[in-house]
Structure formats: C-alpha cells, structure tokens
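Novice: Here is what each chain is made of, one letter per residue.
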Amino acid sequence: MSSEHSHPHITPIKIYLAVFATLIAGTWLTYWVAYKDFGWLNTPVAMAIAIVKAGVVVLYFMHVKWQSKLTMLYAAGGFVWLLTLFAFTLQDYFTRSWLPVYE
Amino acid sequence: MSSTVQTHAPHAHSPHEHSGVAHAAEPKTNYLTANYGWKSWVFSVDHKRIALMYLFTIAFMILVGGVFALLVRLELATPAGDLLQSENYNKIFTMHGVVMVFFFLIPGVPAVLGNFLLPIMIGAKDLAFPKINLLSYYVFLVGILLTLTAAAMGGVDTGWTFYTPYSSTYANSQVALAAVAVFITGFSSILTGLNFVVTVHKMRAPGMTWFRLPLFVWANYATGLIILLSTPVVAITIVLVALERLFHIGVFDPAYGGDPVLFQHMFWFYSHPAVYIMILPAMGVISELIAAFSKKRVFGYPVVAFSSLAIAVIGFFVWGHHMFVSGQSTYAGVVFSVITMLVAVPSAIKVFNWVSTMYKGDVLLSTPMCYAIAFLGLFTVGGLTGIFLGTMGLDIHMHDTYFVVAHFHYVMVGGMVTAFWGGLHFWWPKMFGRMYPEAIGRVAAALMFIGFNMTFFPQFILGYMGMPRRYHFYPEEWQVLNLVSTLGATLLGISYLLPMIYLPWSLKFGKVAGKNPWGAKGLEWEADSPPTTFNFDKTPIVTEEAYAYPEGARHQPEAKVV
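These protein sequence lines map, in sequence, to chains A and B. Here this note's numbering is used: position 45 in the first sequence is 48, and no number is missing along the way. Here this note's numbering is used: position 162 in the second sequence is 507, and no number is missing along the way.
Hint data in this document are derived by calculation from the structure and do not stem from the laboratory. Heads up, some of the hints might be wrong.
[What the hints assert, rightly or not] Straight-line distance between alpha carbons at most 30 Å, and here's what the computed DSBU-like set of lysine-lysine pairs gives: (1) A:LYS72 with B:LYS547; (2) B:LYS476 with A:LYS72; (3) A:LYS68 with B:LYS373; (4) A:LYS72 with A:LYS17.
Computed from a prediction, not measured in an experiment: that's the story for all the values here.
Next up, chain B with everything else stripped away, as it sits in the complex:
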C-alpha cells in the first residue's frame, strides 16, 4: 500500500477482488501486521506506529528521569551530603527536571495516546500531515540525543528553568548544548500541535460535529492551540540568550543594559502554559475513563469542553505568579495573582463534573478507573495548594520551598502521570489487542496512590516549615519527614515499574481483547483491536455524541469479574 495515507486510497479488504490469493486464508491484517521489517517502522507515516515509537522512546526517558529522581531522594535521606555534594546534586536535579518536563510530561499524553487515538476518535484515516508527524518524532529524537550528550559531557546545573544569569553570565556547564536541545524539542511539539489543530478542523468524519467529539479530542485541540501560541516564545528566548552571549546584545544582562527578570517573563510565558500542555490532555483522558467506567455521559459535556479552551486561554495570563519574589512590580503581581484565581475555576468545573458523572453511575473499579479516581484526589490537592501559591502574600513565605515542589508534583505526577497510566491501561487492548492482567493492575494503581502520597505529602510540611528546594543538606530535625518521602518514592518507583513489566508480558500472554472490551462508547471502540492501517474499513458516519450511553446503562456482569 502506498505510504501517502492522506489520500482516499481505497482500503483493500476484500481479497477475492484481487489476484493476491495468498491473502484469502489469512486473518485480517492490522497496523502491526500490515508489513514487517525495521524500515516499515522507521519510515512509517502511520499515526499508530509513530505513537508506538513515541511510547517506547518516552518509556526510556521515564527510566532516565526516574534514575535522577532516585538519586535526589537517596541523597535527601540523610541531612548531610553523603551521596552527592552540591555541584553534582545541582546537575542531578536539573537533569531530572529537564528530562521529565521536556521528554515525558509535555509529549507524554499527546504524542503517545493523542497520536494513536485522535484520528480514530474522529473517524479519520490518519492525522492531517502524516509526514510532519514522523518529522516531529525525529526532531524529538534529536532533542533527546543532544540532552543525553549534554548530560554525558558534564551536565547542566541551572535547574530546568535555565534562569539567567545562571544560564548566561555564570554558566559553567553544558548550558548551551542543553538549551539547543530544548530549542529543537520545541519544534517537535509545534509540529504535533499543528497536526492536531488542523486534523480536528479538517478531518472529522461526516456527522462528527464539534459537540459530538470526545472530550479527549477537545482537550488535545486546546493543547494544540497552546503549543502553537506559546512554544515559539521559548525558542525566541533561547535565541536571545545565544545572541547576548555571542554578540553582547543587551537583553538579559544588566552589564549590556538588559534585565534578567525579562528572561523569567519570556520563559514563563511559555512554561506556564506548558503546565497546561501537560495537564490538559491528561484531563481529556480522565473524562474518557470516568464516562466509560461510570457508563454515563460526562456531566455537563459542553461545559467541560469549553473549560479546556478556557484553561488554554486564561492559562496564558498568569505567568507572573512564578515571579512574585523576583523583583517584578508588586502591581503586576496583583494582576497575575487575581487572574491565577480565575484559572482555578475551569479546573474546578472539570473536577466537579467528573464527580457528578460518577454519581448514580454504574462505577466499575477496574484498573483505569482506579487511576482516574486517584487522579481526582491527587489533582485536587495539587490544584488547591496552587491557590496557596498564587496568593501573593503567602507565596513570599512558600516560594522556592518544598511546598512548591510538592504542589507541582501533585499536579504533574499525581495528575498527568496518573492519567497517562490510566489511559495506557484503558487503550492498551485497543493498541495491541490484548488485555493486561487486571488484578495486578489494581495493585499497581493502589501502590502508586500510597507511594505517591508518602513521597510528596511530607514535602508540603517540610516546605511549610521552610525547607528550601534545590539544596542537598538540611537540619537534622527534618530527617524523619525526608526519610518517609524517600521510602514513599521507592514504593512509587516500584508501582511504576510493575506496568512496565506486566504490560509487555500481556502482549504475548494477555487475554485476546475484542473490539470493545469495556463496552464503551466512542468511535475508537468500533475499530478493530488492533486497528487496521486506515483505522476503519469505510469512513464511519457519526449519528450520536461520543458518550451516548442509554439511561441507566450497566456494565456487563462478566466485566465485574477480576
């Protein structure tokens, strides 16, 4: 079959029309078996294969970032620098941040689940620009290779935020290389975001109106908008740092007439919306999980859809809340603080509506739903502590303490990562046609919830007591809480390793999944498991909303057996 997926290539599904007799006796092929050999993967423009390449690459980066996290927590188990001294500790937490933010949290849900599912959910054969999709993967890979090279050549010690003057005047590590890596990785995001936006506008199947779209698609669309509008700014910022270093054009360095705080403005103009790039697709996943396992339409569907757009828009006007103690004008701080309170509203709408969706639904506590419920609790804690930090007066006390570290880990790890695992379990049978082992899946989800809270809840207390982030030593009276955190991190690590073992195991030994193992609504469950190369044998005609569950729908009795 030709590789130009975008055209209306007729799908050859009736073997007797062709002379290819060999096909006749074989079962229907899917995207995994359509062709073989390494070239069929590395040059593939199939969104599903690209999604899998992203999945394996990102899984590797989770392990890399996880090792850095482990080193940080091991060092913090004792008050003194037993394992790492300041210089190396700075590099380790910086690499943990860079790897996790740019190579897992940002691309995690959109590039893996979004790439795989978005075209199927809207009834399309592929994304609008399949070749650009492949390009985005390779650009991403180049970014990773440069980052790992920077790490191997001595690392970076500025923190993942690359604040000037650490990253300019006082740079004493591989800052330039790491900055180039981030610059390049940004283009990978832009290409994915562009693809999603154009695809949702142009490729919806007949009858797939905007208000029939699954909320996962809405969330990824909103994410695409944020990516397109914000990512270029971080690229420009990196270019400006380079221009200043090379040609002494005064931008950020006061010696040349610049202002270091300007870097923070430009950096957070990207990086605050980037927080929503990370969490919005995860929220989309949660909408799907809660609807499917409550057997109900998402409560207030249009409001949840618009809340994604509201978060995307308002999220752009709050960046100054990262800069309350930076020397930013107090008046600007007040404005940013007020708008920060506003962005809590659409997030809260989502949480309330998810809970309302579960109300009187037939809630089935399978593994993905366990992750979804864990998300609700953890994200709410993360979101509400964000309100503490967005309050300008309180932030002066909390700024750069472990309270901040705990807050954003609750949102990012408790939120995005939990949703990622939930979504991966939920769509695993769709992606590979096999079920994961349910019992151990629930154990992993429960262990994650316990380990996560053990890791990060003590950090709220530590931060409130004044323990600053980014130091490898602390007074001895804080050791108990730090030790609890390190033990929790170990449990958390195990809970993340479990699916990395049993999911690949299930590829061979898992129960074969039918088209729709969950009895869920949505176009992706009408495609084969795994789907064929062009997803559907013929373009589906959509006649109902994505969550058209009948009133009082129940799960099949056999679904409740573990």
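Chain A with its partners taken away, still in its complex shape:
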C-alpha cells in the first residue's frame, strides 16, 4: 500500500479476548433475561444488551475506535439512517389505528 496510508493500528490479542468474553457474557445475559418478565421493558432490555454487543463489535473488531473522526462520522451515519428507517416506518404502524372506522 502507498505511503499515504498511515500505519494500521495493531490491536493486542488481549483486547480481542476481552471483547469475545463480553460478547459471550452478553449472549448468556440475553438468554437469561428472556426467561424473566419485565413487562413492557422486555424488548427494551433485550435491545439494550444487543446494542452494547453491537457497539463493542463495531468499536473493537471493526477498529472504528482507532479511526479518524471522518470514519467515525460515517459509521455513526449508518446507524442514524437505520433509525430513520425504523422511525418513519413505525410512524405508519403506530398511527394506523387512529383513523375512525365507519361501519
């Protein structure tokens, strides 16, 4: 590769193992909470665990933590756009029942 590419970051194996352990722990946690009833919090709890796991993967496995601000912006942009997909789709599902039904 050309000289323009600055030296790539080398992540110590220790960090990879720690991330791996976090992910396994997260998976067990997901499994465990699946058998608990938190009422309306069931989905938010499961989603929170999943987001933490995904965040760790993006930051460490995908090396975003050591990249330029521009790369971080792009990575974050993808998630913002995913949220717009959810938000604008849900505005349909959440308001479908608002219209009165005439018999």
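Please arrange chain B on chain A, whose structure you already have, making use of the hints.
Specialist: Relative to chain A, chain B alone:
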C-alpha cells in the same frame, strides 16, 4: 508498468532516461494504447478501461431493455391482446423495468462517466480502490448473467418492484433467481459508491478544495452517500423474503404474522433514494454541459453543490409517497406528502441556477448542449408532475395510472438518459480522442426530443383519464393516444440508435480532437485526449475553481461552424 496504480509509481514519460530505445520515435501512449490483448482489459485496474467495459456492457443492456420496451409499445398499439396476452405482457414489462432500472439507469452515469472522469476531474491517478472498482464490474456482470438467465428460464411477472405477496406467496415465475440477481447487483453499486466517497475525500490534488470541485464530482459524491446508506436495505429486504420463504419467519406474510406493506416500506427506503442515484449524477453532467457551452461559471455554484447533498438527505424521507393507497396510515401519508414537497426545492434550485447560468452567456448549441437544454424542459415537466403525485389526495386518483408512468419516464428517460447522451457526446473526444459528427448529433438530439414527447405526453392524458398501468388491453377510445405514443417510441428508438452507429463510426473516421476541443475549464481538459494511463504526467496543482471562465468569455469562432 505495475498494476498497482494507487502507489506513487513514477510515470515513465521521458524515453531517453530508459534503455527502451523503441519508445523514442513513437508518439506518447495513452490508456488505450498502453498495452494490448484481452488480458490487459479484463484484468485492468485502470478506471478508464473499467469505465469503457461498463459502457459496452450497459450499451448492450440498453438494447435488451429497449427490445422489451418496444414489445410493450407494440402490444399497446391496439386495444386487444394481439401480440401478447396478460401472462407474457406481465413478464415483458417486468423485464423492461428490471433491466432498465438496475442495469442502465442506476449504473449508467456513475459507472461509465463517473468512473472515467471522477479521478481525472480531481487530479488523481485513479480511484482510491482500483481493484474494488474492477470487482464491482464483475459483480455487475454476474448480476446481469443471472437476470438474463431468469429471463430465459421463463421470466418474472411481479413488476420491477417485486412487491409481496406477488413475489412471495403467489410467485409463479423466476422470482427467486431475479431477486438474487438484484441482490448481487446491489453490491456492485455499493463498491462503486464506496470508491467515489473515499476518492473524493482522500485523493484530491493539491489545491483542489471542496469548493473548487466540479459539480459533477459533488453530484457523484452525493450519489455515493445515497448508495452506501440505502442499497444495503434492499439487500436485507431480499434476504428477509428468502428467510420467510424458506423458514416461514413472519415478516411480510400475514399467515405467519407479517405485513406485506412492510415490504413496500423497506423496498422504497432503497428505491426512492435510488431515483436520486439515477438522477443526481445526471444533474452533475448537466451542470458541466451548461457551464462549458455558456462559457460561464455555474450560477450560485455552492448552492448547486449543496442542493445535491440536500436532495441526497431529504430524498430518504419521502418514500411513503409511493404507498398512499397501500394501506399505510393516513397520518404517515401526510408526513411523507409534506416532505415530498420539500425535496422539490433543491431540484428547483438546480433548474433555476442552470437557466441563470445560460442568461447572458455565450450559448453554443452544439450536440451536448442540445441534450442539456432538452433535459431542462423534460426534467421540469417530470419534476412538476411529481408534485401532483406527491399530493396525497390527487394521488388517489392518479395512482398506478399512465400518469405515473409518464411522470417517471419524464424524469428518468427525459432526465437521466438525456443527460447520459449529452455527457457521452461531451466527453467522447476526451475518452477516445475523436470528435463525433456534429450535424447528425444535433439531428439525433432533436429527434429524441420530439420522439420522447410524442411517446410520453399522451400518457399523461391517458393516465388522467384513468388508464391503469400494467394492463395489455384498454377501451377502444384510447387507441389514438396509444398509437401516437407507440409512433413516438419508434422515433425515440431511432434517435437512440443513431449515436450507437455514428459514435463507433467516429472512432475511425472522426476528426482528431485536441486536449480541449470545447475550450472548457476543468482538469479533465488539461489531460491528453485520450488520457495517459495515470491521467497526468505530474500531479496537477489546482489554483482556481472548476468554472473559472473570465468575465464575458466567448466561444472561439471556429467552434460555431458545424
């Protein structure tokens, strides 16, 4: 020369420094003559050669999609199913849509003109990832082969939109294969978009600041962003359809607890921005053409640049306007309808600024400019009728009629395809070093304008009267307008075939073009025609904006002679 273009390989342009005596007497080589043999093409990582491979592949796909279009129009010349019955008619219009959308409109300008010009315009040797660029071409080719296989094995009858449940519960044709083809083709787009975004960020020549970039580069950058953010969603959607079919996971099928309208949400989250993937690079072409042939800086350059980004962003939040009658909540429809009105603003900014650019400019009506002016009119009609359709109440009347068909053909064919031809003529001397024949070029452009309006204007009237799209029969009183449309389509077809004949002809018989046959500004006109493999002998230092025409600049008198 090594194939790793990205490195700072010194360009061997002074023969006497080397022992290669044979070079000394020969004229300077360019990217076409740098090396020969089929391997030098199929393994080439030169962005210009890849652009040409895309050009020939896409030209073939235009012909394929054009034959399907011809069959549709021939069938519609009479009210009864004389040529095709429903089953085959469904397959023919579906293949027309799939081929034209995924294999011509989306890659057309970025993969051909963008690939060729983007690195030259920013003063770079190549794109940031030349090998990924080559990969994108082969991925594209695999997508084409699978699509053509699906067509040969019986075709697809769902319409290019692949709506569930046509494409899931009631699929009775090669839907799975065609969906896989679209899935794969999406990756080709993603690779191109990624390459463009990284290239514009990282590879600009010294002095090439963001606000010195040609607007074509801005437009392709914005397009790259849309591709990166939207294309993965259509891939996911196709995967979800497959998962539902194979494992009965309820996503789109109510029998498993899914919702078919969800497919439309996900599909249009990609496919509405995809409309901008098609039109934005075309708008970039028009900015270049209007500036070069008016000899003026594009009026309000930074605003035009930002309007590309505005279209890219706002274009993501309007997809629900395709779904007003789908069962989508009326409240969501209102939101989508309002945002749709907003996206008209940056498009209008562009059109006003192009017209303002021509004002008091030295307008030269050469072939590319004829196409550019045709674009202005046709795109404006297409855009304004889009406002009709984005208005929720009116859309209930117009939805799925020929009004919609006419609207998007005005934007796509009148817009993107017209810009593609204009751009191809404009940069043809740069790509091949030869001029096309000017007189016949203008005839082709004029014929295109007449044929196009004859084809699609009657469809507005038909649609307004209620003729639904996607049926092969209609009441007899609509035959006159349909016949006019079919005749117009024939003229349009001829006008597209003409350049396919005279452009290749010009490769041998055309006048040899110098570096800058148009007297235009921009780095690409400082490179040789055709450019050398690494575009420039040494990295250019940029000191001015792409449109630094002096006040009151005029065309050379000889340019005005046909």
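Novice: Give a verdict on every hint.
Specialist: Here is what the structure says about each hint:
1. Only pairs whose Cα atoms come within 30 Å are accepted, and LYS72 of chain A paired with LYS547 of chain B is accepted, the gap being roughly 14 Å.
2. Annotation: proposed proximity of LYS476 of chain B to LYS72 of chain A holds, straight-line Cα distance about 26 Å (limit 30 Å).
3. For the suggested pair LYS68 of chain A and LYS373 of chain B, the alpha carbons sit about 47 Å apart, so the restraint of at most 30 Å is broken.
4. For the given pair, LYS72 of chain A sits about 25 Å from LYS17 of chain A by alpha-carbon distance, which is consistent with the 30 Å threshold.
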